[in-house]
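Colleague: If you read the sequences in order, they're chains Y and B. Quick note on the working numbering: the first sequence kicks off at 1 and runs consecutively. Quick note on the working numbering: the second sequence kicks off at 1 and runs consecutively.
A hint or two may mislead.
[What the hints assert, rightly or not] Here are some, though not all, of the chain Y residues that point toward chain B, as calculated from beta-carbon distances under 7 Å: (1) Met140; (2) Gly180; (3) Gln292.
[Claimed, not checked] Calculated pairs, DSS-like style, for lysine-lysine (alpha carbon to alpha carbon, straight line, at most 27 Å): (4) Y:Lys184 - B:Lys181; (5) B:Lys210 - Y:Lys184; (6) B:Lys181 - Y:Lys116; (7) Y:Lys184 - B:Lys367.
These are computed hints drawn from the structure, not numbers from a lab. Every residue gets a Cβ at the ideal spot worked out from N, C-alpha and C, and that includes glycine.
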Amino acid sequence: MAAAGAALAPGIENRLLSPPNAGRIRCSSSAVPARGALVVRGAALSEESRKNRSSALKAVAVKGEAPNLTTAKSGHEILLFDALREGLEEEMARDPTVCVIGEDVGHYGGSYKVTKGLAEKFGDLRVLDTPICENSFTGMGIGAAMTGLRTVVEGMNMGFLLLAYNQISNNAGMLHYTSGGQFKIPIVIRGPGGVGKQLGAEHSQRLESYFQSVPGLQMVACSTPYNAKGLMKAAIRSDNPVILYEHVLLYNLKERIPDEEYVLCLEEAELVRPGKDVTILTYSRMRHFVLQAAKTLVERGYDPEIIDIRSLKPFDLFTIGNSIKKTHKVLIVEECMRTGGIGASLRAAIVDNFWDFLDGRPECLSSQDVPTPYAATLEDATVVQPAQIVVKVEQMCQGLV
Amino acid sequence: MAMAMARWRQRLLSSACSSSSSSAAAPQALLRLASSALSRQSSSRGFAAAPDDTTPFVVDIPVPYAGHRCDPPEQRVETSAKELVDFFKVMYVMRRMEIAADSLYKAKFIRGFCHLYDGQEAVCVGMEAALTKEDAIITAYRDHCTHIGRGGTVLEVMAELMGRKSGCSLGKGGSMHMYNKEGNFYGGNGIVGAQTALGAGLAFAQKYNKQNAVSLALYGDGAANQGQLFEAMNISALWDLPVIFVCENNHYGMGTAEWRSAKSPEYYKRGDYVPGLKIDGMDVLAVKQGVRFAKEHALTKGPIVLEMDTYRYHGHSMSDPGSTYRTREEISGVRQERDPIERVRKLLLAKEIVTVADLKNLEKQAKAEVDEAVNQAKEGGQPETHELFTHVHVKGLKQLAYGPDRKEVIVPLP
Chain Y
1 MAAAGAALAP GIENRLLSPP NAGRIRCSSS AVPARGALVV RGAALSEESR
51 KNRSSALKAV AVKGEAPNLT TAKSGHEILL FDALREGLEE EMARDPTVCV
101 IGEDVGHYGG SYKVTKGLAE KFGDLRVLDT PICENSFTGM GIGAAMTGLR
151 TVVEGMNMGF LLLAYNQISN NAGMLHYTSG GQFKIPIVIR GPGGVGKQLG
201 AEHSQRLESY FQSVPGLQMV ACSTPYNAKG LMKAAIRSDN PVILYEHVLL
251 YNLKERIPDE EYVLCLEEAE LVRPGKDVTI LTYSRMRHFV LQAAKTLVER
301 GYDPEIIDIR SLKPFDLFTI GNSIKKTHKV LIVEECMRTG GIGASLRAAI
351 VDNFWDFLDG RPECLSSQDV PTPYAATLED ATVVQPAQIV VKVEQMCQGL
401 V
Chain B
1 MAMAMARWRQ RLLSSACSSS SSSAAAPQAL LRLASSALSR QSSSRGFAAA
51 PDDTTPFVVD IPVPYAGHRC DPPEQRVETS AKELVDFFKV MYVMRRMEIA
101 ADSLYKAKFI RGFCHLYDGQ EAVCVGMEAA LTKEDAIITA YRDHCTHIGR
151 GGTVLEVMAE LMGRKSGCSL GKGGSMHMYN KEGNFYGGNG IVGAQTALGA
201 GLAFAQKYNK QNAVSLALYG DGAANQGQLF EAMNISALWD LPVIFVCENN
251 HYGMGTAEWR SAKSPEYYKR GDYVPGLKID GMDVLAVKQG VRFAKEHALT
301 KGPIVLEMDT YRYHGHSMSD PGSTYRTREE ISGVRQERDP IERVRKLLLA
351 KEIVTVADLK NLEKQAKAEV DEAVNQAKEG GQPETHELFT HVHVKGLKQL
401 AYGPDRKEVI VPLP
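Given only the sequences and the hints, what does the whole structure look like? Please build it.
Modeller: Below you can see the structure in the form of structure tokens.
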């Protein structure tokens, strides 16, 4: 591992590239697979698929047969919005300084039901209904966080938080630095973003592009009920300002999650499907498109390694790097626009750090640089579709790009 | 138009609120009141004892308050000899500090933006007299003196201005980013108006934690036209947050006079449903009385807007000469008629609390204190290069995470 570390670009913090057992015992969502979801179990199956490609057909959807779980309880099925709500409720019960601020979060229960029932349980002051004034209620959340309250600010749609950009950039992101470390801002800013179903240009924005260069912010994106709950809890417990990106179309995803409490690591990526032909890096809704494309790819004999990067800032270069060292090819599938998106930054990070391990340029499939149109066909053409992912992976594996 | 301008200029010099008073009236009135108060004193005191004397006596406030949706407080305030002497000392230190900053800027020790507060000292000193350290203050970029008022030292202000690591923000903030956590001073903000929403947040936290304290969100006449201020006023009034919005009206938003930028320059009325009070911001005792009244109001009835009628002698910042949009006569006129330090000096002398020589001594001490701080700050070192990356995140992204079986745990990396 030391040798591998030396071969990589200098100037990277060691902990990002440290070997798995140096200072940490690994426990991530991949060790506790989300049951019911499309997850392949470990190295055994990849070996098998190397020997016999047709048996890889069975490898794609292994349901419920995880061998080594000793926990007696079997978990509970839950929808993603409810998983977020569970995480939020547990944190609010555990820590009285946690409070929610947003439009229609209290009496209405949240426009996507993420805060349903919380106002009845915790009161109107802890689940605060605001008027429509993003700039000032985000600023208020930040001011309260400066004194130690752990505020969770909800943007009804992430796009509305553009009105609070000044507060998020200058007062959330930079205040710890400009005060010389005196104040910390343990705020969580969350809300649904991304391209929905014909919501129109202004309600289909990908704010992760815009906020990614603000120093001091941490950004994570959830994609399944399991990681939604874990990331929500982790974001609330973090002392840094965290932006949690949810997706409008993923709120009704169903999955079985553990009954016991768990908290995920904010800076960690999730290995969704191990493979050896190509590394596909993705997050949020695109993870599900990639998995759909993977079904086709596996049928055709390819073995993609799929990683849900989850942590949009900072990138988990450790997991990503290990994967690239194995496969030597990387494809980023994202919903951001081509210009200045997460994919653009991730490509730069990969080229800087893992150049020696790449067989070809890092590829990126992103949305088109257009305002999202209303018409269904045009909207579908704006974002990446599974068929495009299949074509791209085939081209990469056949050396055509 | 010319007539309106002339009347506005006259108002600046005479510090009238709603009624006009002639420019000569104010100091004369002070002296008359002071001498009458003197004659009421039962015993005469020797000078040696006077500056420490905390025996309260009442002083009249010459310029009347103007209230909006509230009854203004009494035109008299209780003070003591010690308090007045302390006012003089602190204000004089602040004055010297700002003048020292001026010379240091011209000598290129201080770079970038430097917004000086001289002329407005009465506002922050009077405020502190009515508040405790439990109360929170947040202001904009003209924050050097506010930082001192909250318990900061001249050394850390000077060092911060010069970008040294002994500065209050370790040299990483600069003139516009001074904070003092122990003193509940939340900065120091560069973007005009954004601090009003933060101030509402400070008050929200005080209400949430059931603290018997208020938050003061200071802003200028320029920021008074920002939308987020009205948003903050709305949510503060809606939820009864214990916040006091203080408009430090020095009549110029950078180079634009108030009558050219605000349709209604009566900033204490701009809260509409939020009560307001206009205070002569050059009179430290008036400020004390007004803020005390406002604190009671905020704790019992909800937010209130204070307008401090004040004036800055320097330009908006060091890159602004301050004389292209106002006349030198106006600046020197205000300095002669309404200077806050001179007011306190006259009151101290009229009440025979100190002699002229005592005051000269105090001034010398203040100058020495500031000079000492400047020299010490100059000797301070620049921050180390690795400090570029510290404090971007808290504790370097430490995160404790665990799975449902709790057997495997991620240990936070150092």
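Colleague: Now tell me, hint by hint, if it's right for this structure.
Modeller: Hints, one by one, checked against the model:
no.	hint	in the structure
1	Met140	holds, 4 Å
2	Gly180	holds, 4 Å
3	Gln292	violated, 27 Å
4	Y:Lys184 - B:Lys181	holds, 11 Å
5	B:Lys210 - Y:Lys184	holds, 21 Å
6	B:Lys181 - Y:Lys116	violated, 36 Å
7	Y:Lys184 - B:Lys367	violated, 36 Å
The structure shown violates the earlier hints numbered 3, 6 and 7.
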